[in-house]
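Residue numbers (my numbering), protein chains in the order written: chain R, 1 to 314; chain W, 1 to 442; chain G, 1 to 486; chain S, 1 to 265; chain F, 1 to 265.
To be clear, the hints were calculated from the coordinates, so they are not data collected in a lab.
Where hints are given, some of them may not hold.
[To be verified] Result set (BS3-like, lysine-lysine): computed pairs, CA atoms no more than 27 Å apart in a straight line:
no.: 1; chain 1: G; residue 1: Lys384; chain 2: S; residue 2: Lys89
no.: 2; chain 1: W; residue 1: Lys333; chain 2: G; residue 2: Lys198
no.: 3; chain 1: G; residue 1: Lys184; chain 2: F; residue 2: Lys129
no.: 4; chain 1: S; residue 1: Lys131; chain 2: G; residue 2: Lys384
no.: 5; chain 1: G; residue 1: Lys198; chain 2: W; residue 2: Lys251
no.: 6; chain 1: F; residue 1: Lys34; chain 2: F; residue 2: Lys99
no.: 7; chain 1: G; residue 1: Lys198; chain 2: F; residue 2: Lys99
no.: 8; chain 1: S; residue 1: Lys129; chain 2: G; residue 2: Lys384
no.: 9; chain 1: G; residue 1: Lys384; chain 2: W; residue 2: Lys316
no.: 10; chain 1: R; residue 1: Lys225; chain 2: W; residue 2: Lys121
[Unchecked claim] Label-pair ranges, simulated between beta-carbon atoms:
no.: 11; chain 1: F; residue 1: His31; chain 2: S; residue 2: Thr76; range: 51 to 57 Å
no.: 12; chain 1: G; residue 1: Leu320; chain 2: W; residue 2: Ala137; range: 50 to 56 Å
no.: 13; chain 1: G; residue 1: Gly330; chain 2: R; residue 2: Pro126; range: 17 to 23 Å
no.: 14; chain 1: G; residue 1: Val178; chain 2: F; residue 2: Lys89; range: 21 to 27 Å
no.: 15; chain 1: G; residue 1: Gly31; chain 2: F; residue 2: Asp153; range: 32 to 38 Å
no.: 16; chain 1: R; residue 1: Ser243; chain 2: G; residue 2: Val107; range: 55 to 61 Å
no.: 17; chain 1: G; residue 1: Lys289; chain 2: R; residue 2: Ala206; range: 37 to 43 Å
no.: 18; chain 1: W; residue 1: Leu54; chain 2: R; residue 2: Asp177; range: 52 to 58 Å
Glycine residues also receive a C-beta, built at the ideal position from the N, C-alpha and C atoms.
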Amino acid sequence: RDQVQIAGSSTVLPYATIVAEAFGENFDFPTPVVEGGGSGAGRKKMCEGVGPNTIDIANSSSRIKQSDIDLCATNGVSEIMEVRFGYDGIVFASDIDGPSFGFTPADWFNALAAQVVVDGKLVANPNKQWADVNADLAAQDILAFIPGTKHGTREVFDKKVLEAGCKATGALDLLGDKKACHALRTDGVSVDIDGDYTETLARLDANKNAIGVFGLSFYQNNTDKLVVATMDNVVPSTETVASGEYPVSRPLFFYVKKAHLGVIPGLQEYVEFFVSDDMAGPDGPLAEYGLVSDPELSATQDMVANGTPMQPLN
Amino acid sequence: MTDVTPTTSILTVDDRTRRRNVAEKRFRTYGVIAITLAMLALVGLMTSIFSGGLPAFKQTFITLDVYLDPAKLDKDGSSDLEKIRKVSTFGYAPLIKKALEEQLAKPELAVEGLKSKDAAKMISKEGAAEMRRFVLANPDMIGETVSFKFLASGRIDGYYKGRVTMQSAERDKNVSPQQLQFADKLKDAGLLKTSFNWGFLTRADASENRPEAAGLGVAILGSVYMMVIVLFLALPIGVAASIYLEEFAPKNWFTDLVEVNISNLAAVPSIVFGILGLAIFINFAGLPQSAPIVGGLVLTLMTLPTIIIATRASLKAVPPSIRDAALGVGASKMQAVFHHVLPLAAPGILTGTIIGLAQALGETAPLLLIGMVAFVREYPSAPPEGFFDPAAALPVQVYNWTQRADPAFVERASGAIIVLLVFLLLMNTIAIILRRRFERRW
Amino acid sequence: MSAGLVILAVIAIAIVGFFVGRSRALNSAGGDIRQLHSLPGYYGQAVFLFSAVPALLVTAVWLILQPMMIENRISDMILPTDIAEGSSLELIMADVRRISSGLDTAVVAGALSEPEIETLNLDNTDVRGVLAGVGVAVASDIKPNVLDASVAYRAKTAAARGYMAVVSIAIALVGFAVALSLTKPDYRARNVSEAAIKSLLVLSSFVAILTTIGIIASLIFETSNFFRMYPAKDFFFNLTWNPQFTGGSDLGIIPLLWGTLYVSFVALVFAVPIGLFVAIYLSEYASSKVRSIVKPAVEVLAGIPTIVYGLFALITVGPLLRDYFAQPLGLGQSSSSVLTAGLVMGIMLIPFVSSLSDDVINAVPQSMRDGSYGLGATQSETVKQVILPAALPGIVGAIILAASRAIGETMIVVMGAGAAAKLSLNPLEAMTTITVKIVSQLTGDTEFASPETLVAFALGLSLFVITLGLNVLALYIVRKYREQYE
Amino acid sequence: MYDAPQLGNAMDQTTTKISARNVQVHYGDTHAIKDVNVDIDAKTVTAFIGPSGCGKSTFLRCINRMNDTIDICRVTGDILIDGEDIYDKRVDPVQLRAKVGMVFQKPNPFPKSIYDNVAYGPRIHGLAKNKSELDEIVEKSLRRGAIWDEVKDRLDAPGTGLSGGQQQRLCIARAVATEPEVLLMDEPCSALDPIATAQVEELIDELRSQFSVVIVTHSMQQAARVSQKTAFFHLGNLVEFGDTTQIFTNPQDERTQNYITGRIG
Amino acid sequence: MYDAPQLGNAMDQTTTKISARNVQVHYGDTHAIKDVNVDIDAKTVTAFIGPSGCGKSTFLRCINRMNDTIDICRVTGDILIDGEDIYDKRVDPVQLRAKVGMVFQKPNPFPKSIYDNVAYGPRIHGLAKNKSELDEIVEKSLRRGAIWDEVKDRLDAPGTGLSGGQQQRLCIARAVATEPEVLLMDEPCSALDPIATAQVEELIDELRSQFSVVIVTHSMQQAARVSQKTAFFHLGNLVEFGDTTQIFTNPQDERTQNYITGRIG
Ligand SMILES: Nc1ncnc2c1ncn2[C@@H]1O[C@H](COP(=O)(O)OP(=O)(O)OP(=O)(O)O)[C@@H](O)[C@H]1O
Ligand SMILES: Nc1ncnc2c1ncn2[C@@H]1O[C@H](COP(=O)(O)OP(=O)(O)OP(=O)(O)O)[C@@H](O)[C@H]1O
Ligand SMILES: [Mg+2]
Ligand SMILES: [Mg+2]
Ligand SMILES: O=P([O-])([O-])[O-]
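Make the full structure from the sequences, and use the hints.
What follows is the structure, given as structure tokens:
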């Protein structure tokens, strides 16, 4: 096999293809083959073993899990390199012709949670319109398209929006358990999307009064159709995410099978090229597409150059 | 009794016949309605596919004279190819920017408020790559001014296809009204043209940053390879299995089991065939990831039940007297089947093949698990080695493109569907013609 | 001699055998075909088969057994100390195989020469580097014993290949000779070659069985893992499907099963009548010209990628049904619904029903129609009472095909019916199917070894068993109904 | 050899039931029927005789427009039944065929039970008010078809599992079950033994009291026995038509003579 | 019941070609052939007569094992051809059928051209070395089937577009084209006119000089004309078997007598 093979997160996929394309153009190696399929599936594939019919790199929009590392170990993939190359912002947007919104996590919790606090007591969610949730918001029926439970984005939504809202409204104290904050109403107001952001966009098109959850880069490519909502009065952008002002974001990774380094032609070069300033830097094509560049990129570059394997998860 | 006058005239239709004729008409109308519905659905779908996809076959190009500046491309003037090779595409981008700056400086082309950095964005990022390829192939041209026909970026292209308007550009982060004005001026100056997009059929896929450069070349090859495998495996195996089950197998619980089993396989979700393919062909047999051979084998297994069910149904429909006639002149059962029964069952077999291949050609889910739903830019080599090289497939390309953020990919996805349908028709034409030949009544 | 060359050689011998056998048969009969038991071609085929089949079988068995035998011996060369913690003998043997084939590659690429390999040791050569240079991946640094084992493995393999070539070709030649000696006028060559063809046919029908076994085998392991993490009782009887990212999910199959059956049913309600009427009209009423255009045109519906149907459902049909049907009737607000997905899927399934039914209806002998017309039946009466019953087995096949496709469809359901699992009778509500969930649980972000992912395998296997049951039922019903005919 | 016809009813009152004028039939390029003119009387049995392939079946099929179902078949000229042109646009072939029944040359039972084969016609024409009436019709028809005794115990068995002669009689029973005014029978006794043949001939004679019967036969004896009128076809031409006794005793045309005496085939 | 005949003494030259011993045939529950024993001589024509549905076709189909193709049909007992049991495991039914040809009761031409219909047998048995030999065989067979003149101009036309009698003769031509040693003919002349019938009878007579012919017929006259031996079946039983002249002039069994004189059917 003479080309690098990569699989995993669909969030990372666009970045990986941009890098792969540029890599193929500028190096004498063939362009790597990049597959989507989801972070979990990608890590599983990487851990299937060592050899030409297994992949070299797993893209992941969340950190690798201990169970994956164990699986890798049982299949002889003992050394893995973890590369964090940037951040992904998650935004809330609606149809451009509708009203614009300014949310807080508490608004989302009150709009979508199965149980909310009314007069200090937990009751089944009675809110019908955004204005019921927060008088400052438009009097528009609540309808939200959120990522399905298999998406990493959902995990971020659960943690950074719902849990934060849960705490802010005081529901956490009554519910007692963080996980209970994740329970959503089932009356069709919150719709899980198993597909991708394009499906969410199409659904917004069919339901003009809905609000969808998107990745920052996806939104940036569709600013003529979508109007983005602020969160805690912060407008999402690569800058506000990088500075940490905009709260809803997550790191992006890829994992390299060390046994293949120096064996699969171009693998080392690809990894280095990916994290180079030319690509992943704040002015590189990845940032242009919507990646929030990692402020600690140079540390990553050093790590890649040294081939430092990953330390055990703590 | 002796009265010979006719009971009824046949020229006047009696009540009961009238009622029956109404029923007949109604029945016939149902048929017409059914066909009309099917045709309407077809026309509706076709219209939406074609209206969405036809623009993909046109592409906007910008012709520019670019000075291949030795100061950038061959810094030490050594003309050493190794060193020229070191200059990456990032090094070529400024040359394009410079060339545009020159155009922008011309009074008739000047647009107020348009920065040269933004003007450079009107040219596809593929432009730099094309220039680099050109220079590496013709290093002696460094220092000359060369005219390049660059792809316009997706948004500019979209402007001439109605996807982007001045209004939408106001709100669009990736394009500004000034850029559009400049494009219009370039057009007036004859530097910007729209022409047929051969690249759409021949180029490989491109990344999110350059939808205008994305093409179907690799996907078409991958689909061809897979269909060759499917056709040459699924058709013979399917027909052979059906012949055995229908004509030779003793009718007992075991053949019942096989029959039920085959119907059941038809109901297995296609992704499960992907799981099977991953387990058996890649993990067990050690075949490579992302390769058409694995895709073809998986699709073969998926198509088999369709062909078997169709073939058996049409073998059943051949009247036994034909078999008797052949056996009666001393043909063996095998000869009777191959000489007489099979030709009569051919229309049904071909129908099964048509439907089975259509399904196989359009299927994405099983390919998901064997690594074929991927970004592949290298063309697979010629068969048989090519069967083992990574490749994409047409439905995969459609699936990928519909998931991308840039709206230009939506149009390409529809264009890819048109290609897929044309491919399907080409593939099926032979089958359709053959089927018409074999159709007969007796 | 590589395995490929051996196979080619055997086939070449067999092809020669075909021609020799044929002409020998002709000669033995003095050029008079009538003296032969079978047509001369059959004698040729018999020689072909005798030459090729045993030799190829031996080659195949040899190719499978050889690595096992050799590995058995070689694995003694690996000492327990060579096996690192967390690793296993199997993994090391995989390395041995990879290194030895890598050495071959290196020789071909000119990076190593045969004499160099004989004296190869880790002190004088950076083996890993050399192999990497020719693009062969090796898991970790090579230990001396592993290298020795690899070299030995390579040598033994080469020797075994040589024996194999000799043995296979010898068998082919023996088969050739035996078959030729059998070639006499009264030799039943046709029976031999037909028996061979028949075994091919039997083998082909085993492909279907093997596929089934393969599917079950590839699902059962992870399914059992799933049931170790998640109680079977809950999976089969829990009425909610609500997977969570972080665990603690409800994974009841019932709502998914309901959705599957409901959506498929709705799709068939559209597809079967329309498809049947299309078939009837095309085969009984339409002119051959209309038929030759409409039939392939309808078949295009089966070739449109399902994603197009999905978008059609999502963007056009869904909102339409919601605005003009669901909302005015107060039946719901959702633009995704069972009805949307069923309707759109029904369109896709039309050709599955129509084309095959058309073929079998067309195959009903004309004398049946004549008999009915002669009694004064109208065309529709003839169709309903004579032709459809006569064509029933084929039509059932077509419907089974359509139903199967409906159950297995993903994209249309995701976009048309949504992704929410629900138990409801209202066809205008969003629901989802087993297949959709198999795809979404299998491709996602959660870790693989979690019940949320593994449930996909359990769903696949359950669906397999359920459809098996439905098929048995269908066969039983058809049998019972069909008995009065034929 | 020939039995003299003992069916000498007075034939002066007969009226014309079917008349053919300049009928021509082509199968593609084959000219199968050449300009045939004939008047077939009501309440008589007319026999069509002639060598194999001369066009008897073709002409017979014209009379109830069964040739409509053969794509390549073209019929020109007029055929009148009760003075009405059956090729008229207003004519409903379905109604015509209900009135003009047919027994085909090759027995073609439906792949249904024996009972359903016979009940099929009465059902579609609504001849029976209820099940017991239908049972009666079926029994009566099977009796008339001279097959009741053989099949009465297995009415539910498939009609296709009968012997050749039984199938033929089943088809006769099926045709008479709809009570047509004209019955066209294409070699109805070809597979029947003498006794069964006699029974069918009896049936034909019985039908004649009300209806017209046209029968194609290769047996001169049979023609002589059952028919009052005989038409002799040769190579697509209607060579001679007249009273059966006259045709067999005193043929006008040489070809008829030759055929009857066994010199041309 | 009628038992195996011991009357070989009178005809010492003739040898037994086919002998059936205790043959029983069941179709599911129907007992179609009941314990039949018969010896059929070489180089003779044997006629099977009997009322419709008595089992003639069934027995005929046993002789070349065509009944194998009917699922529900069970045959017991032995049938020997040239002393060899054809139901023996070692017997290849294909070879048997090449040796024992058959003309079916219902004409069943292949939906192919007339030429291919006839050429099919010779092709699969390799009877012709080249195209012109094949042409010869086809012409000769069609001539023997008394249909050459009618079809010689349209050998490429489909066999299914022929008239009933033409199809029947085509099937006869197809059967003789393979030159079988025994020819089983199930009512081969049922759709034929007298002349064609005479020609086929001539053919049968000609075949007799080398082969055995078994013919099922409903025409007593035909049986008397062409056969040397006659077997009378009734309700599945072989009632009587003997020289044709003896059967027709001096039947031993009452049932035979009744059938011949037209009293049972
Ligand atoms: N395929 C079949 N399935 C069931 N019963 C059958 C089948 N074929 C024939 N029979 C029955 O077996 C008996 C003998 O049939 P056979 O065809 O041998 O009669 P036959 O003597 O040839 O009569 P015919 O002169 O009418 O052709 C009949 O009662 C018939 O109904
Ligand atoms: N479907 C057809 N296509 C073409 N030619 C046909 C067709 N049917 C009959 N013919 C031809 O038309 C002529 C008359 O055929 P027809 O069936 O009327 O003969 P027939 O008198 O009934 O003969 P038979 O006594 O053999 O049944 C024949 O030459 C025949 O070959
Ligand atoms: Mg006829
Ligand atoms: Mg019979
Ligand atoms: O595809 P994801 O793993 O990024 O959701």
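Results for each hint:
About 26 Å separates the Cα atoms of Lys384/G and Lys89/S, which keeps this hinted pair within 27 Å; it holds. Simply put, Lys333/W and Lys198/G have alpha-carbon atoms about 11 Å apart, close enough for the 27 Å limit, and the pair holds. With a C-alpha separation of about 18 Å, the suggested pair Lys184/G and Lys129/F falls inside the 27 Å cut-off, and the hint holds. Straight-line distance between C-alpha atoms of Lys131/S and Lys384/G comes to about 20 Å, which keeps the hinted pair within the 27 Å bound.
For the hint linking Lys198/G to Lys251/W, the alpha-carbon distance of about 16 Å falls within 27 Å, and the restraint holds. The straight-line distance between the Cα atoms of Lys34/F and Lys99/F is roughly 26 Å, inside the 27 Å bound, and the hint therefore holds. Taken as a hint, the Lys198/G and Lys99/F pair is honoured in the structure, with Cα atoms around 24 Å apart against an allowance of 27 Å. Note on Lys129/S and Lys384/G: the hinted pairing holds, with a Cα-Cα distance of about 21 Å set against a maximum of 27 Å.
Pair hint Lys384/G plus Lys316/W holds up; C-alpha atoms about 20 Å apart against a cutoff of 27 Å. Distance check on the hinted pair: Lys225/R and Lys121/W sit about 21 Å apart at the alpha-carbon level, within 27 Å; holds. Checked against the hint of 51 to 57 Å, the pair His31/F and Thr76/S passes, with Cβ atoms roughly 54 Å apart. Separation of Leu320/G from Ala137/W is about 55 Å and conforms to the stated range, judged on CB atoms against 50 to 56 Å.
Checking the proposed 17 to 23 Å range against Gly330/G and Pro126/R shows it holds: the Cβ atoms sit about 21 Å from each other. For Val178/G and Lys89/F, the hinted distance range of 21 to 27 Å is satisfied, since their beta carbons lie about 24 Å from each other. Checking the proposed 32 to 38 Å range against Gly31/G and Asp153/F shows it holds: the Cβ atoms sit about 34 Å from each other. Our hint of 55 to 61 Å for Ser243/R and Val107/G holds, since their Cβ atoms are close to 58 Å apart.
A C-beta distance of roughly 41 Å is found between Lys289/G and Ala206/R, which places it inside the suggested range of 37 to 43 Å. Evaluation of the 52 to 58 Å hint for Leu54/W and Asp177/R yields a pass: the beta carbon distance comes to about 55 Å.
Hint violations for this structure: none, all hints satisfied.
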